[in-house]
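Student: Two independent chains are provided; combine them into the complex using the hints.
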Amino acid sequence: MVRTVRSCDVVVVGGGIVGAMVAWFAAREGLRVVLVEPNAPGAGATATGMGHLVVMDDSDAQFALTQLSLDLWSELLPELDAGCEWTSSGTLWVARDDEEMGLVPAKATFYRERGVKADVLSAREVADAEPNLAPMAGGLRVPGDRVVYPTNVAARLIGLAQSRYGLQRLDGRVVALDGTATLEDGSRIEAGWIVNAAGANANDLSPGLPIKPRKGHLVITDRYPEFLRHQVVELGYLKSAHAMEQESVAFNAQPRATGQILLGSSRQFAGDRAIDRAMLARMVRRALEYLPGFARLSCLRTWVGLRAATPDKLPMIGPAAPGSRVLLATGHEGLGITTSTATGRLIADLIVGRASPIDPAPYLPHRFAEVAHG
Amino acid sequence: MVDALVVGAGPGGLAAAVALAECGLSVVVVDENPAPGGQIWRSSDGSVHHDARAWSGRARAAGVEFRQGCAVFDAPAVGDVRVVEGGSASRVRSRNVVLATGARELHLPFPGWTLPGVVGLGGLQALTKQGFPVRDRRVIVAGTGPLLLAVAAHVSAQGGRVVGVFEQASWHRVASFGLALAACPDKAFQGSALRLECADAPYRAGRWVVEAEGRERVERAIVTDGRRTESFPCDVLAVGYGLVPNGELARLLGCGLAADGSVPTDARCETVVPGVFAVGECAGVGGVDVALAEGTVAGLAIAGSPKLASAQRSRRKERGFARRLEVAFALRPELKKLPEAETIVCRCEDVRWRDLHVRSDWREAKLATRCGMGPCQGRVCGAALRFLAGYGPEDARPPLVPVPARCLAAFDTERAEGQE
Chain A
1 MVRTVRSCDV
11 VVVGGGIVGA
21 MVAWFAAREG
31 LRVVLVEPNA
41 PGAGATATGM
51 GHLVVMDDSD
61 AQFALTQLSL
71 DLWSELLPEL
81 DAGCEWTSSG
91 TLWVARDDEE
101 MGLVPAKATF
111 YRERGVKADV
121 LSAREVADAE
131 PNLAPMAGGL
141 RVPGDRVVYP
151 TNVAARLIGL
161 AQSRYGLQRL
171 DGRVVALDGT
181 ATLEDGSRIE
191 AGWIVNAAGA
201 NANDLSPGLP
211 IKPRKGHLVI
221 TDRYPEFLRH
231 QVVELGYLKS
241 AHAMEQESVA
251 FNAQPRATGQ
261 ILLGSSRQFA
271 GDRAIDRAML
281 ARMVRRALEY
291 LPGFARLSCL
301 RTWVGLRAAT
311 PDKLPMIGPA
321 APGSRVLLAT
331 GHEGLGITTS
341 TATGRLIADL
351 IVGRASPIDP
361 APYLPHRFAE
371 VAHG
Chain B
1 MVDALVVGAG
11 PGGLAAAVAL
21 AECGLSVVVV
31 DENPAPGGQI
41 WRSSDGSVHH
51 DARAWSGRAR
61 AAGVEFRQGC
71 AVFDAPAVGD
81 VRVVEGGSAS
91 RVRSRNVVLA
101 TGARELHLPF
111 PGWTLPGVVG
121 LGGLQALTKQ
131 GFPVRDRRVI
141 VAGTGPLLLA
151 VAAHVSAQGG
161 RVVGVFEQAS
171 WHRVASFGLA
181 LAACPDKAFQ
191 GSALRLECAD
201 APYRAGRWVV
211 EAEGRERVER
221 AIVTDGRRTE
231 SFPCDVLAVG
241 YGLVPNGELA
251 RLLGCGLAAD
261 GSVPTDARCE
271 TVVPGVFAVG
281 ECAGVGGVDV
291 ALAEGTVAGL
301 AIAGSPKLAS
311 AQRSRRKERG
321 FARRLEVAFA
331 LRPELKKLPE
341 AETIVCRCED
351 VRWRDLHVRS
361 DWREAKLATR
371 CGMGPCQGRV
381 CGAALRFLAG
391 YGPEDARPPL
401 VPVPARCLAA
411 FDTERAEGQE
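Residue numbers (the working numbering), protein chains in the order written: chain A, 1 to 374; chain B, 1 to 420.
The following block holds chain B by itself, in its conformation from the complex (with noise of 0.2 Å):
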């Protein structure tokens, strides 16, 4: 039995990890990729990005134990959270369990968009890390919030041109985020710096790709004001319209979640299900250093450190900051509209736009489609439906991972209290 189990090895695992062991704490980190720091330190050769390694350093010189390449795939109670690793489940036990299991990014489907060539913003960054080439070649970047800048930014910088960045919030609302960001001196330069790297690409708010067009792939981007459209040329479309947190481990666990799918929390992190907290992207998306701040807060919290009251004033100004990104960056209603009747909603399945939106439903679209019922389990899917048609989550059941069916049939289980 350790005293406390992280889900997610990114900046709030990481950052919990440590104030955790380095309070004398006994910790696993449990996480899906093969080296520490998840999602945002992702470094582009391979090898562990620098800000992951002096805080994994810190965490392991603490103590704490990483077993990279693991999945939770169940949790029938906070002290037997199972995982599989290799393709065999085990066990973990643990008094507090801390979930980081970060966010995804949310894309809405649009006449064109499963063309060869159209990419998540997210999933062009991890491409082009992995070796995608984007030299000479001409990129859109559309959807929303500050990553569009960022993966502008990284494509410029792989010697790829930016032809176009299109951001789906108004002028008005950029403009005061950009006010928001002067509040907030070391995000202003993140902020401008990206700005400058990119200073060849016209950035323009109030305009979103509403098709992609080509026959084998992508050759233009329709992009609308939502007066006048216009097509611009490309050979890789990248679009992203935000983060959706992660929440299916922390419903297992009958946490409950929030209408914009974070995980509530109280100002410890600690979520109503006593014993279980919850930090960055998965409590509420908010970037690097609400994680970072979070992931602290737990793990004092868990300690009953006297440093918490400062760590919390750190976690209210970051999160003060996260709540005007999510202002500025709304989506906006017409995005309801993208999809045609024969768009393709469900990759895994093949269900298409004409035979979901008559649905009441997500199970019922799901019983009668199949959406949302393929290997991703409705975790690209599910997230668009619920923007677009309004659709609720369906209760959360194991596995949350695809595992092989003797991670099934492993456990000698007692029964959970309230079983007959």
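Excised from the complex, chain A in its bound form (with noise of 0.2 Å):
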């Protein structure tokens, strides 16, 4: 039986926003990449996330990357077309009493200090921003945020780095990665570096990744241009991403650039993809707490999607193991659409022996292993 055997310098596995935007960069680089993804782009996690791009100030490792994340995704918007449907709506957080309120001066401060614009917003301004808000203590308004629509930005990369820098793209599912990429139907495909982009399913080619499906609820509604102004979450939903607990809820409401309004967030370690309606039901009541007028609000879809979880909520970004040519682009939680970006700028610097914007270390995936050992 022959086999065909492929040779490039680096093979991507997935297309999802991750694999599109290492593909990307690297193929940017005028390197030979070949990007593997049995189905549509971003068909899988990122077409379950909200597209917002947004800067986030839990750890200055969380806050270095969605910076530059947020810097990169400002030089790619003008490559975007209409289906992107980017945004700059702002991300507007907000306090529902007096003890969430005390924390807005320190995260304003975080922010400023590392010039990223933030506004403290009173109760009246909140409600004059926002006037389907419940009555809010206050809020911080960061418009430096955006939105996007992650599936078609997915697309979009992985189809102008094909015609502009020579990707290659193949339909087929990555079965085994032992120094080259083995698909499914034998091919095999050897490259300079393998760059394991498969999101919550990374742990099939790599096992014993510290990663867990952690799922997530989202409901759309018909359209009301005007309902929301910015994307408004919760100051509490940091509380909800890092809670350890298996099940949390946080209010996330996100206008569309169509007038819908997108809602979130649920989370629990699940990999399954039902709907569960109790899941459901108290996020839609949180939300409610938020948007009393979003009762009445017609709803027309819900589903289901899967992050890939990490311990320390950092995607894990760099080689397998110290020296290994196997690199992951994984484990990106809730922030995948928007640190796709810089995910897929420090893989590209890293295979061309470039050094980044940012300090790559708290990203690498053996930071676990070391733990593990010491």
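Derived by calculation from the structure, the hints in this document are not laboratory data. Treat the hints loosely; a few may be bogus.
[As the list claims (entries may be wrong)] To give an idea of the chain A side of the interface with chain B (calculated C-beta under 10 Å), a few residues:
hint: 1; residue: G83
hint: 2; residue: W86
hint: 3; residue: N152
hint: 4; residue: D171
hint: 5; residue: L291
[Stated by the list, open to error] From chain B, some residues computed to sit far from chain A (all C-beta separations above 12 Å):
hint: 6; residue: A54
hint: 7; residue: S170
hint: 8; residue: T343
hint: 9; residue: A409
Ideal Cβ placement from N, Cα and C applies to all residues, glycine included.
Tutor: Pasting the structure below:
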């Protein structure tokens, strides 16, 4: 039996937004890149993300990655077509009570000291900014945050990288990484570098990764232009995202370019894609505490996505083990759309042997091995 | 907890309700429309159609509770069916569910089909009953199946001028259906009566509309027989390509669908999910008599009635007729070429054929173009794309119909089995 063997510089496993960005940044360097994906671009977790591009302040490492990402997104936006539906709606973090409001000044200072514009809003200013919100104690507006339609971004970038930089796209499923990438049909791709960007499925190819699927629900409404102006997120969101308990919900609502309202978020450690009615109900009830008028909006559809969660909430970007030619680009949890750009950049820098704009150490996968051994 | 929940108050649902209640079982019927009767028994003047009145009267007399204007939006389990009524959610708990969800018309997109004046066949019938004026208008009726003649007759009766009736099936197939009709004397009578009522209109088989032309609204229909095209001036163009079963609720309950979109059932009209029965059009398009027969079978089967065997015989006979219908009016492959690049396929989201025909499946089409993601949730374009592009359906998820957000938050749900 003759097996097809291709060779290239980089093979990217996974055509979600992370794989697409890795392929884009690598191909732009003049590398010969092959991207392998059995489904349509961005059809996995990418399609189930909100597409919120957000600078996060929960840790210095998360901040550095998200800030670099937002900068890279700004450079990328002119390449995107109308189907990518990007808007610059900004994020409005809202405080329900004085205790939450007490956290706002420090949060504002954190952003400002690092060059990110952030405005502290009084209760009155929050009400003016978002008239449909229940009375809040105040909030913080981060105007530089954006929204995109991630599936079409992934498709667009893969298409552009093909036409402009000679990216090759293969419809297929990689079943093994053992020095080469082996596809389901037995053919092999020899590459200098193999990038595992398979999201929550990354474990199938690189066993033993500390990645667990973390299920989330979304609801989308009919079109209600002007119902919301910003992506509105409760200040307790990080508490939910970082909670160690099995299940949590947090209010997170987004106005789409279409005028629809997209509602999140729920978190539970589970690997199935069935709608969990109890969780969905809890998530909607949480939203009603913030947006009472949401109760009457007509909801068209609900769905579930699986985040690739790591123990320390940071992604895994870099060699699977020190010196390995298999690079990981996974574990982005709920921030994969935002941090896909910086991920692509860090991987491209690593491959061409160039220093990155930020320190890549906090995202190196072997940090978990060190913890385990030490 | 009631013995049975019947979803849909068309002929199948009504027959099931009557059979159940007359055997002494407790029954709730939920139905989206303001009055019972479904699509077929819809009266022209706002009152309840006489057959619907007779059947629903009999059901009420036997103790059936009707909830009109009530739609199922979720069904986590047989005993937990969630309905929305006046914008509020409630839950029906029952031991059995009878799906009598009917069918919807298949609309295939063709150039000009979004022009004002172009309507569905069923749509035209419903519109005229609501006062849409056809008097002295030139009306073309096209598509496929016995509904063509029924609609043409209806338009004539309302004073419209039927200037053409175009059946896509070949003369050969229509003629063999005619022979089949002769084997069912009561139905042959119906068919010929319809034929007589619109005797002035040219009924032509083996022809289909490829385009609607006009500036502000439809002015002409372009009709072909596959070799030559002709242009027919008209004011109204009604087109329908038969019916597709409404299978969304069945799928949510775990039934799975056959290739034609129908819900598979056994001799008792029970689906693969114990306690879930499917009758009438949703179990395979077949008309009123099939629906009545199957509703009765399902009702008697649930009740454990000794009359079941004879009801099953009449069901088999009616299904036989339905199968002949299906063969006679199968859609010709040329119809897959109806849409042109610029033809809108998804009317909710304005998605054109040029953006769709390159997609490999329904999910990719939806993600890339938002096709089928508007208020109708793909009920129209999903069925068209199944025919045009071979797309299978995506998984069914709640809500089955758009509901106010409060309905999704309504229940302090105990976890369904199998969930963590």
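Student: All hints are to be evaluated individually against the structure, with a verdict given for each.
Tutor: Evaluation of the provided hints:
With a cut of 10 Å, the hint placing G83 of chain A at the interface with chain B holds, because the nearest CB-to-CB distance is about 8 Å. For the restraint placing W86 of chain A at the interface with chain B, the shortest Cβ-Cβ distance is roughly 16 Å, beyond the 10 Å limit, so the hint is violated. The interface hint given for N152 of chain A holds, since its Cβ lies 7 Å from the closest Cβ of chain B, which is under the 10 Å cut-off. Below 10 Å, beta-carbon pairs count as interface contacts, and D171 of chain A has one with chain B at about 9 Å; its hint therefore holds.
For L291 of chain A, the shortest C-beta to C-beta distance to chain B is roughly 9 Å, which falls under 10 Å, so the interface hint holds. No Cβ of chain A approaches the Cβ of A54 of chain B within 12 Å, the least distance being about 36 Å, so the stated non-interface status holds. Consistency note on S170 of chain B: stated as away from chain A, and its beta-carbon is indeed over 12 Å from all of that chain's, at 38 Å minimum. Every CB of chain A lies more than 12 Å from the CB of T343 of chain B, the least distance being 19 Å, so the non-interface label holds.
Residue placement check: A409 of chain B does not keep its beta carbon more than 12 Å from all beta carbons of chain A (closest about 4 Å).
In summary, the numbered hints that this structure violates are 2, 9.
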